[in-house]
Amino acid sequence: MVQLEIKMPIFIARQYFKSTVGFSRNEESRRSITDDPEFYVPAILKTKGQENTDFLIDDMIMHYEKDLKFYNKLLKNKVAPEQARIVLPQAMYTTFIETGSLAAYARLYKLRIKKDAQWEIQEYAKAIDKACLEVAPISWAALKRTV
Numbered sequence: 609m610v611q612l613e614i615k616m617p618i619f620i621a622r623q624y625f626k627s628t629v630g631f632s633r634n635e636e637s638r639r640s641i642t643d644d645p646e647f648y649v650p651a652i653l654k655t656k657g658q659e660n661t662d663f664l665i666d667d668m669i670m671h672y673e674k675d676l677k678f679y680n681k682l683l684k685n686k687v688a689p690e691q692a693r694i695v696l697p698q699a700m701y702t703t704f705i706e707t708g709s710l711a712a713y714a715r716l717y718k719l720r721i722k723k724d725a726q727w728e729i730q731e732y733a734k735a736i737d738k739a740c741l742e743v744a745p746i747s748w749a750a751l752k753r754t755v
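In the numbering used here, the protein residues as written are 609 to 755.
The calculated lysine-lysine pairs, modelled on DSSO-like cross-linking and capped at a C-alpha distance of 27 Å, are:
1) K752 - K734
2) K654 - K723
3) K723 - K752
4) K734 - K654
5) K723 - K656
6) K674 - K615
7) K626 - K723
8) K718 - K654
9) K722 - K752
10) K738 - K718
11) K738 - K723
12) K615 - K681
13) K674 - K686
14) K722 - K654
15) K615 - K738
16) K734 - K722
17) K738 - K722
18) K656 - K722
19) K734 - K723
20) K626 - K738
21) K752 - K718
22) K752 - K615
23) K734 - K718
24) K718 - K615
25) K615 - K723
26) K752 - K738
27) K615 - K722
28) K626 - K718
29) K615 - K654
30) K734 - K626
31) K626 - K615
32) K626 - K654
33) K684 - K674
34) K626 - K752
35) K626 - K722
36) K654 - K674
37) K615 - K734
38) K615 - K677
Think of the hints as simulated: they come from the structure by calculation, not from any bench.
Full structure from sequences and hints, please.
Rendered as structure tokens:
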């Protein structure tokens, strides 16, 4: 069994969590965490033909700041954290502890490393490849070939 602590944006976690067989996960909850959340900001935005999207990234950051300000206002006014969190965007990072077999990680890796997978999830697949290679290099190499 391999146990990893993984931090990723919620919108990627929901895609990642589609692989469930062979895994046990315990995800953090904003219900018990009171520090300000972090948000994912892409270095570039994938577009169809648009040259410069820097202004959109700036707008995205302003949107996150506005959401965070409102979230903190809700908390300051004694709104329960489990309700206040509903205003936070899916770009917020979440952290979870995940335990899985090497075979489960090999299946997840093969699915998420494909060229047609979203770039961000491919990056997590590469990180899993590296972590599993460190834990069990011979078994991991064999599983990647056969699963």
